[in-house]
Amino acid sequence: MALEMNVEMKNSDDLLKVEGICKSFGKMLAVNQCSLEVSKGTITALIGPNGAGKTTLFNLISGFHKPDTGKVFLKGDRIDGLRPDKIFHKGLIRTFQISRELEKMTLLENLMLVPGQQEGEIIWNAWFRPWRVRAQEKQVKERALETLRFVELFHLKDEYAGNLSTGQKRLLEIARTMMADPEIVLLDEPGAGVNPTLMNKLIGYIHQLNGRGITFLIVEHNMELVMTICDPIIVMNAGSILTQGTPPQIRNDERVINAYLGD
Amino acid sequence: MDLSGLFSYFVFFLVIVSVYGLLSLGLNIQWGYTKLFNIGIAGFFAVGAYTSAILTTPPAMDRVGGFNMPFLPALVIAVLLSGFIAFLIGIPTLKLKEDYLAIATIGIAETIRLFFNNEAWLANGVRGVSGIPRPFQHYITFNYNLFYLLLMVVFVIGVYLAIEKALKSPWGRVLKAIGEDETVTQAMGKNIIRYKMESLVLGSMIMGMAGSLYAHFIQFISPEVFVPMSATFLVWVMLIAGGSGSNKGALLGALVIWGLWSLTDLITNVVPVDYAVKAGAFRVIAIAIFLEVILLVRPQGILGEKSVMKAAKKQEQE
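Which chain is which? The protein sequence lines are A and B, in order.
Last residue of the first sequence? That's 274 in our numbering, and every number before it is there in order.
Last residue of the second sequence? That's 1103 in our numbering, and every number before it is there in order.
These aren't lab readings, by the way, just hints derived from the structure by calculation.
Simulated restraints on C-beta separations:
1) B:F1005 with A:P141: 37 to 45 Å
2) A:R94 with B:F1005: 45 to 53 Å
3) B:L1080 with A:T208: 41 to 49 Å
Even glycine gets a Cβ: it sits at the ideal position worked out from N, Cα and C.
Given the sequences, and given the hints that come with them, work out the whole structure.
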């Protein structure tokens, strides 16, 4: 059934494609023969019970783990085995299950770190081409401030990220992903620990960014968020893909109800 | 001690503070920013000192060299060689967790010291290398030590400004981010191995420079100078006490800790001979107590990073 679904949903617009990926830690098989596709422009959800292998799959896609077998393609290019920073430069950025802001750096610094190919990141340029570094820094700063305005954190631009609330840290993560100009964003539980008001904000931002052409793959336990904005939804269980489909299909799938959603 | 003696002592004292200031600045790039746990400072210090000594001394029958090379080219070679050794250490260790770098650096530093100690053909073994020329000595008509102090001040200010410039640039921002969270920094597209290597090499080059400048000032080096206590751990105390992450703190730490170290030396010199060995241990205890007090009163060091101070303040309020 899962295989049929996969074939059904195969699309020439596949931005991200995972083929038969496996990963073991010792004797534990964390991800077992997973295959999925994420089409360009979609907000795809990856759901499943705790321990299903969702975060491990994120780590495999984003280069933080090397798969034992299987392949990962981004825009048709194979990316499995590449370093995370190389995958980032191919247009994929990820967040983490627990917010990992750079807490001793200000919000502005957190954002200014993100853009790639900065002149001043080469020490030689910092010493011998300071005018070029300054000019680019000015542009990066303006963009970072604009992004902070977008996520309504502008007033905290000089605050240390470690002093933010859990919800504000989630917004900072969204801001960081925006600074990267990504093609696809992997969000790992963006709604965890977030109050309903902020959740609505988050949903709004994800929608807006998706409207700008950014594709999302989201791991989330908050079914309201998933069912509201995600389509399709991929369900994992015990390291494998259980099924995938539209929100109504998933909501009524007996296997999903038994494995994850419950009555 | 008369006034001129006191002045000479003070000048000598400040030259040594400048040498330690350079070591501390080098460590600040590595630890203060990038959190690279280098406990082999003595090794890079020794490489810089011995390279300069071998290259600039006149030919000797009982060891390699010397090559009678002028001061500045020898200094450049000493700096580059220290950086190259750091590069070689970095290749296998920087991909691993920080403990491995610590083990590798202390191991290499001790190996370097023992190598110079046992291989007499290289640098005269335990007897050391003497007669290391003093740079520009023929041109100096006034107090040479005072001239050397001015030379050291030029080097310290030059290094300070260069690394301030680098650390305040996006390059420094990446180092700071790596020091905080390597995983996130890598997820933000930064090649963390490259930056860690640059940090390790640059810091070690500065340590090599300190070694070279020390050798030319003292004019004699032997393996005994490069023992971990005085050439590694004292530098760590300087940085931690002065304020890790702050270049000004690194320099202030060098001044304060070397001041304390020298003061305890003066005290131990006046105790009866029977107590001399115990008095030596007292110096180490005094430094340890001072560090404890600093860490209790100002955990971030005397001029520690603002963000740490703020975090500490926040904790207090909670």
